[in-house]
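Peer 1: Read off the chains here:
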Amino acid sequence: MYNNYFLCSSIGVLMSSDKEEDPDVIPEDSSLLTLQYVVMVHSQHPEPEWGGRIRKKALEKREETIIVDRACRQETLAYEMESHAIGKRPDNPTDQVEEGELLLTLNIFYPVIFQKHKDHKPYQTILVLGSQKLTELRDSISCVSDLQIGGEFSSQPDQAPEHISKDLYKSAFFYFEGIFYNDRRYPECRDLSRTVIEWSQSHDRGYGNLQSVKMEDYTFNDLSLKIGFPYLFCHQGNCEHIIIITDIRLIHHDDCLDKNLYPVLIKKHWLCTRKCFVCKMYTARWVTNEDSLAPEDPCFFCDVCFRMLHYDAEGNKLGDFLAYPYVDPGIFN
Amino acid sequence: MTEVPGLQADCEELLGAFREADTVRFERFAELWRERRFHTVFYGRIRALERNKLTKKTLEVAQQYFLPPYTFQIRVGALYLLYGLYNTQLCQPKQKIRVALKDWPEIHKFQQDLIDSQHYDAAYIFRTLRLARAFHFTAMPKLLNYRTKKKFQESECKEEFKDPSNRVNSLITNDVLEELMNIHDHYQKMKCVISADKSQPDKALSLIKDDFVVTLKDITLEHQEWQQKRMKLFINAKETDEITNKKEERTFLESEGSERANALARIKYRSYSAVVEASKSRRHRQVKLESSESGSCYGKSPSKKNSRRPQPARRRDEVQVARETVTRHIGMPVIMEEDNSDEEGVSLPKRKRRC
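Chains as they are written, first to last, in numbering that gives the first Met the number 0: chain A, 0 to 332; chain B, 0 to 354.
If you're looking for bench data, these hints aren't it; they were derived computationally from the structure. Being a predicted model, the structure only gives us computed values, none of them experimental. Be aware that a few hints might be false.
Claimed, not checked - Once the Cα atoms are required to be at most 27 Å apart in a straight line, the calculated BS3-like pairs of lysine-lysine come out as:
id	chain 1	residue 1	chain 2	residue 2
1	A	K120	B	K52
2	B	K93	A	K267
3	A	K266	B	K56
4	A	K120	B	K56
5	A	K87	B	K197
6	A	K115	B	K52
7	B	K52	A	K225
8	A	K120	B	K108
9	A	K267	B	K141
10	A	K279	A	K316
11	B	K52	A	K267
12	B	K56	A	K225
Between the sequences and the hints, there should be enough to build the whole structure, so can you do that?
Peer 2: Here you go:
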């Protein structure tokens, strides 16, 4: 029924095969407006023969000002994150994602609210399968507040405990479409949403019936979600992240088909780490307040500089200060 | 994803050329593609990360022409364009074409149309894309991204590519007409039943026109013809636009002005001399003709109907006359009033009509 000649020549007819083409070089005689916006000032063509065109202008400008033409590490990282999981297949065939599985793309925003983030609030992007439980997503969200160590340790710097907040405060919940999904896997987990539900029920506040259920009993396929609508993830009692679902689609042959790799992080905001005030080299591990030995309040130190400045050779505390262990948000870079 | 400058213009130019060629054969499209060396749209020394974004954006721009309301030929052109872009992209692995759930039945119907009309090359191209797994089946057509736009960019569709919007036809379908007919008959029968004379309804009960369903159908057909004529004239007008220079346009406009004035005078004379007798439903409000010299006081004439009729009629008539001289302005056709007592002014969309 179909013309056979298509089989061999349909793609071929779309490309001119008369000469070898270099995709980096924009052909000089192109009539395409897009390229007129692109042209590259190649070393072999020092002067373009025609007037300004957009991509050309952009590249020209870049050529003039650029010093080293190479991907910076942020770009490399971003590209790597985006594509590291593509096409992966599991070793064990039972771990293979099934056909007809849904793939959700979620944006999880960072909790801090700064003025400088007015237009573009930083976020991470995670891909998650429809058949996965909500708890799997909860475990994969990495937030710096999970790693905080509470307590003042100026008198006993060596005894900063190993317990991070993640181990101490395990409760968390998701809020989707009027229902709070609480993490109740461990006995220490409490229902954080109870306060909110009680508040909403105390007077007629117009929020309808809010319910509380267990997170571990639900998968994403069980939820009805709106794309682009902000939902909430709350942990550590008061650390709140907005979650927005940007895309839902069917799983594709070229996607990562290894169930164990999901949820997979594909985009992350690059955060600059705060460096030690003294050496400006190492990432800060301590922060001090009301420090008579420090020029500013609060002041950040790496471990070595902190001890050298605040303690003598025997380990006695010098001067007056309050010291807290500090975990930098850039720790996940 | 920021806009790719110039891309939409390039795509529209290629699709426009394809439309001019007045064919849906792939060979013709491939020739046009080769002429423009369209595969170079991805060139330009771009690193992998940005290349992915650029390719995604390119496919998105091309994909919008694949769906209604564009005409059949443009949609086939868009299919070929997607095929070309998908295969000549430089990304590895290839970026996919997004198809939303709601659009899928449309596309399926489109493919069926292609097969039924024996456009086997287009159907084959579509099948190849399916087999190559070129589609992502998504819930929403556009991937969300959160950049606050400084200016709100309205996506403009080229008028000429679009199928003329068929809203009248989609409202007054055959089913609707049939239903109306049935209700009308039923109504007539009911009237007969309650009337003294069983064979026909009482005169007092005749509040509607008996043949309004047929009239409605005629009006719909006429609207459709008008729309088609308008499209042709619009395209012709666009072409003549490009070749006339400013001077000609100016004289054009001037002659238009005098034409309009003449037309105005003619219409005023016509509408004021002609008086239609009110239909039976309005016989308590007969029309009285008052002579008025200047046009400005026609709003004060006694009959409600008469005061409202001249205004829209004037606009339409003048425009229709102007149409003969200038192909730029195309007005709605004026449906002439019938000379029987049952008819009021027809097709004044803003006014509530009592049928």
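Peer 1: Next pair to validate is A/K267 with B/K141; report whether the Cα-Cα distance is within 27 Å.
Peer 2: holds (21 Å)
Peer 1: Taken at face value, is the distance from the CA of B/K56 to the CA of A/K266 at most 27 Å?
Peer 2: holds (18 Å)
Peer 1: Hint check: A/K120 vs B/K52, CA-CA at most 27 Å. Holds or violated?
Peer 2: holds (20 Å)
Peer 1: When you check the alpha-carbon spacing of A/K120 and B/K108, does it fall within 27 Å?
Peer 2: Violated. A/K120 to B/K108 sits at ~42 Å, over the 27 Å cutoff.
Peer 1: Between A/K115 and B/K52, is the straight-line Cα distance small enough, at 27 Å or below?
Peer 2: holds (25 Å)
Peer 1: Can you confirm whether the C-alpha distance between B/K56 and A/K225 stays at or below 27 Å?
Peer 2: holds (24 Å)
Peer 1: Is the straight-line distance between the alpha-carbon of B/K93 and that of A/K267 27 Å or less?
Peer 2: OK: B/K93 and A/K267 at ~23 Å, within 27 Å.
Peer 1: Are the Cα positions of B/K52 and A/K225 separated by 27 Å at most?
Peer 2: holds (25 Å)
Peer 1: Quick one, are A/K120 and B/K56 close enough, alpha carbons at most 27 Å?
Peer 2: Cα-Cα ~22 Å, so holds.
Peer 1: Between the alpha carbons of B/K52 and A/K267, is the straight-line distance 27 Å or under?
Peer 2: Holds, at about 16 Å.
Peer 1: Starting from A/K87, check that the Cα of B/K197 is at most 27 Å away, please.
Peer 2: Given pair A/K87, B/K197 is violated - Cα atoms ~82 Å apart, limit 27 Å.
Peer 1: Decide if the proposed pair is consistent with the structure: A/K279 and A/K316, CA atoms, cutoff 27 Å inclusive.
Peer 2: holds (23 Å)
Checked against the numbered hints given earlier, the structure breaks hints 5, 8 and satisfies all the rest.
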